[in-house]
Structures are given as structure tokens and as C-alpha cells.
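Student: Sequence:
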Amino acid sequence: MPDYFLSFVPGDSFLHKLDPRTKLIATMLTSILIFRLHLTGLVLLFAFFIVLYDLSSVRIALLRNLRPIAPFLILIFIFQLFLIPGNIFIDLYGFSATTEGLFEGLRIVGRFILLIQFASLLTATTSPAHMTAGIERLLRPLSGKVLGVTSFEIATMMSLSIHLVPVLNRFLKEVYQAQLCRGLGRQKRISGLVSLAIPLLRGAFRMMDDISMGMESRCYQGNYRTSLFELKMKKNDWIALMLVFVLLLGFWNLNITLFPSYQI
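Going by my numbering, the residue at position 67 of the sequence shown is 67; the numbering climbs one at a time, nothing skipped.
Hint data in this document are derived by calculation from the structure and do not stem from the laboratory.
Keep in mind that a hint or two might mislead.
[Stated by the list, open to error] With a Cα cut of at most 20 Å, we get these calculated DMTMM-like pairs of lysine to aspartate or glutamate:
#1 Lys17 - Glu174
#2 Lys17 - Asp54
#3 Lys235 - Asp12
#4 Lys234 - Asp12
Whenever a hint applies, use it, and build me the whole structure from the sequences.
Tutor: This is the structure we're talking about:
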């Protein structure tokens, strides 16, 4: 099971073998659908994610992926619970928790959780090289005049940004363990943030400088070039896309026909 957020896990599963464009398109469509579903639809979509999770043959730390944004999710839920008017079911020191706020908080938190889990599944089954190639091929029809930059530059920036997250997370844990060995007390977490932030920023800048020097030494120019990974849509990719479209349309129709006014 991977220890770091948004890490790639090598494997030979059905999802690993799919074209990265297939997975990127499916993830984008699913992300759009997530913001249109009610709570019941989100639960059904989570069941669909569990099926994909089993097909991936990787063991992502599902709960550990939520740790970086857990305080943010808790804060959102509390705000929704106590600030949305409706039927009061708990009154705590003048703050009233409502049923409508409870369901709205669960709905918003559920959307963020699903977005993170689908993104984690995408990065766990797609290598950085394939991710870059997939993004570039999807953006290639857009000319440089429209975007101002080439599709290769955009793909490289997005891929580096995504896969830099687990590296920084790992580096942060290493710095934290080093500070603990030097006597940083666990009870002084607020004051210890400075001793963590400065080495983290310094290491991040050094890491990015090493990456830029490596790209320059390999004469990277951001324009069209051949690739080691030549992408070609196969039969399984088209079948997977068709299944995704059918399932997402089913979720969409279920959301409209069964829950048009019932917001749960």
C-alpha cells in the first residue's frame, strides 16, 4: 500500500493497461458528474469507485489520502451543519444544528472525498511519462495561438505539479522525523511549524532547480518531439469509454428522475 498521496503504483491490472487518455477523459467526466449528484447518487458512485479500486489491483491508502485535507473537510462540515437554516435537531450553546445543514455538509464533504479518491486512482495506475503523453495528446488540437503555449509545455507543467505532491509529502515526513530526532516536541506543533516550513521550502526550491537543470541539460524546448510511449487507442479503451458514458448517463438520469426535489 503506497505511503504517499497521489503516488504511482506499478502494476499489470486492467486499469494500468488502459490508454492514459481514456483514464483522463473518464476522470474529467466523473468529476463533472460529482458536482451534480445528490447524497444518494454520491453513495452509488462511491460503490462504483470500489469496483474500480478492486480492478486496479493496487491498495491505495484510502483514508490516508484524506489526511492532508481532513481539517478543511471538518471545517466545511461544521459550517454547513450550523449555518444552514432548517429543522433544528441539536442546540449547543446557542448554535443550532439543522437537518438540512447535516445533509448539505455530508454532500459537500462526499464530493471532495470522491474527487480525491478518483484522482488518487488515476495517478496510482498512470505513470508520470504516460500521464504527460496523455495530457499532451488531448491538448494537441489546441494550437499555440489559442493557449499561448504549446501542448507539450502544458502537459509537462501539469504532470510535474501532480507528481511533485507525493515527493514533497515524503520530504516533509523526512524533515519532521529529523526534527523529532533533534528534540522537536510533539506538544509544540505550532511553534515547530517554522522549523518544518523553512527546510521544506528550501528543499522544494532545490528540487525544482535540479529538475530545471536536468531538463535544460537534455535540451528540452517544449515543442513537438517523438515519444518513447506512442499512444494508440485499443479495443479495451473504446469499450471502457463506452461503459463510462453509459454508467455516467445512468447516474445522471437517476439523479434527475428519482431525486429532482428530494435532495438526499
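Student: Could you tell me which of the hints above the structure violates, numbers in ascending order?
Tutor: Per hint list: single violation, 1.
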